[in-house]
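Peer 1: Given chain P's structure and the hints, the job is docking chain H onto it.
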Amino acid sequence: MRTLVYLLEKEFKQILRDRFLPKIIFIVPILQLLILPFAADFEMRNINLGIIDRDHSASSVRLREKVLSSGYFRLTDVFNRYDEGLASIEADESDMLLEIPAGFERLLMRGEKTGVHIAANAVNGTKGGLGSAYLNAILADFHSERTSLPAMDTAIAYTHLFNPHLNYKNYMVPGIMVFLLTLIGGFLSTLNIVSEKEKGTIEQINVSPVPKALFLLSKLIPFWIIGFILLSLSAGVAWLVYGLTPAGSLGVIYLFAAVYLIAFTGLGLAISAISANQQQAMFTAFFFLIIFALMSGLFTPINSMPEWAQRMTLFNPVRYFVEVMRMVYLKGSGLSDLSTHFIIITLFAAVFNALALVGYRKR
Amino acid sequence: MNVIETDCLSKQFGNFTAVDRISFTVARGEIFGFLGANGAGKTTAMRMLCGLSVPSSGRAVVAGCDIYREQERIKRHIGYMSQKFSLYNDLTVRENIRLFGGIYGLRGRQLADKAEELLRLLGLESERHTLVRSLPLGWKQKLAFSVAVIHEPEIVFLDEPTGGVDPATRRRFWELIYEAAARGITVFVTTHYMDEAEYCNRVSIMVDGRIEALDKPSALKSAFGAADMNEVFLAVTRGKGSE
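Residue numbers (the numbering used here), protein chains in the order written: chain P, 1 to 363; chain H, 1 to 243.
Only chain H is shown next, with the shape it has when bound in the complex:
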């Protein structure tokens, strides 16, 4: 069963076409990698799917909701983590968890339990009263992810979630992603780290607003006769892109 279906989805800003008729589906429980060079239109596409931006044309259904008519309903079924860290820096770890838990409808006992569980899972129990501002970036990212899935959404959208941290920290972040996927949360993730692309069930590669390749990492590698995803990425973008 598909949780995301798009059909010729496009977004224009004036004369500039940021997203150009993309069509794809994502199945429930899948980890879907959404790759592309900077400026290829990944974030724009993702924002449309999250109900943050209205498409210029095309069709899409996210978690069973139409992205034109049911944007607010979509928001109940998804989690989102932007590339710009967007938790409140002037609130503590626990206050952030409490705020977003509350926003997604967790109440009282349930919310307190959830907060404790998250703190334990993240190993942040001793930092619960620390302002988020003073956490290291890697911890912030893990916290932001946990907050994005606090309400066990159907899909979580991650926009370059691991920018600016070392490979070991990224690896630990991906463990969280796997755990979420194992619980049945579909993961839609943009990245430009090609080692991360290998962790995905399927990846698409966007060039200048279009999806130029979409398959399992292993299938893409054999199709392009490449040793790793890095070579695949270069082959796809070099052939088509201006970058």
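One chain only, chain P, in its complex shape:
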């Protein structure tokens, strides 16, 4: 065990002495946390809306005002005929159309079934999709105000329950924190063993009686500690810059991070152990991390992926931690709600580290 102390001493000295590493470990994540939430913000404002009002009643005017006062939409024009509206979509002036049918007010007054027609330009799918969702929510609200009936579309009301103002930064920041831990745990550890291979220093270790597991542990622990520092830093940035604190317990987050970091450092070490040079290791890590990140639900919701892709995300450790972070940060979930997630992430940690142990050969 004392041997591990000597090995750790070496690793920390090397990391601190590196001209590049300490900077990249701290500056890059903070920059990412400051920039990415704005860049990856899916919140839509200024959706250009054309309205076709065939009813010209007090109710239709009230609906128009309600929609426009939501702040998401900007009125292109009020049309009399549908094909005029369509022409404005084709001319790229409107993103969406809202058609209020004749007799809207009359049916509403009698408490009968009414309907409006929403047409969205789906060339920009996000804009179309989100616009429709916003519009639906507003309509539901309008409907329940006017009648005593409950809102029609309860699903939408549910989605926004834990992020009432639909603030996408609240949604993105916990996810980006996961992304950062993944990068640090995954990439830096990937570069580590293989760089010793390139320099030839690993020979001197391989010819010594140091047990494999001990050597790997001496590589894992520094990145684990760095991960914790990073998590604390980014939680601090989330609080200071975005006013975001977890609704749940910070302890739960640290507990998950502990296992998650072991998983990704293990993956990095496994890749590092089987690669012959840094380029190879880099590309392998890049391949996995990009797929993991894109399929984690961080940038695109998992339930809007095709069925096969959704099934693939079950094998993606990032997905679980993104869910955990969002649930703890936004919903205040506790350990009992997340026990399945915990077991799954632990399994990933075990598998990745076993791969590293098998992949690293002392000969």
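Rather than coming from a laboratory, the hints here were simulated on the basis of the structure.
Treat each hint with caution, since some may be false.
[To be verified] From chain P, some residues computed to sit far from chain H (all C-beta separations above 10 angstroms): (1) 239; (2) 339; (3) 363.
[As the list claims (entries may be wrong)] Distance windows between CB atoms, simulated: (4) H:184 x P:359: 34 to 42 angstroms; (5) H:68 x P:254: 40 to 48 angstroms; (6) P:217 x H:123: 33 to 41 angstroms.
Think of the CB as a built atom: it goes at the ideal place given N, C-alpha and C, for glycine as much as any other residue.
Peer 2: Quick look at chain H alone, frame taken from chain P:
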């Protein structure tokens, strides 16, 4: 008593036979020169003996340990210095000594004393806090050797330890080798400097994976009617080799 015994030891990489049924023994305390042209298979053979590479066939016992089953045990009894300098360039002289001393089980007081002793012996006392990267090559080599024998192993394997330095520096390096041998450490050294071959108790000459000659330098010289080891080497390799 022999500390290395090999019997028909071979290593194949695909169709290429890097080491072809070599058999030899090395006695305790001996300085054994392992000669051969580049690509003759010296390093491959040495890596097998160090437990860094698994043989394709044959048998070998190093420091009483079988090289198939007891590779990790071998590593406790040997020291190794590769031709590619393999200490940590981004650690200081003293930190390297401390790391490898620690790895080989030296602790606390014992380790500190050993480090001081080495620094004094190498004349590196004033350079203890210098990063190894900025040392001259000759000093690096002496440091690497001292680190390789820090745990007083039974055998030390040296793979072209003096490449790229001048004869005077090489001479000083060999003084370290003699001191180690005098303490009872067996030295197994590859080289392609023929003046160094003269310093060995016995030498073997490898050509295309085989050992073509093995004896005391004086015996080899008389057998080949050669004035020095250089002529012996040329006679052996010209007769057999493709190089």
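Peer 1: Which earlier hints can't be squared with this structure?
Peer 2: The structure breaks only hint 3.
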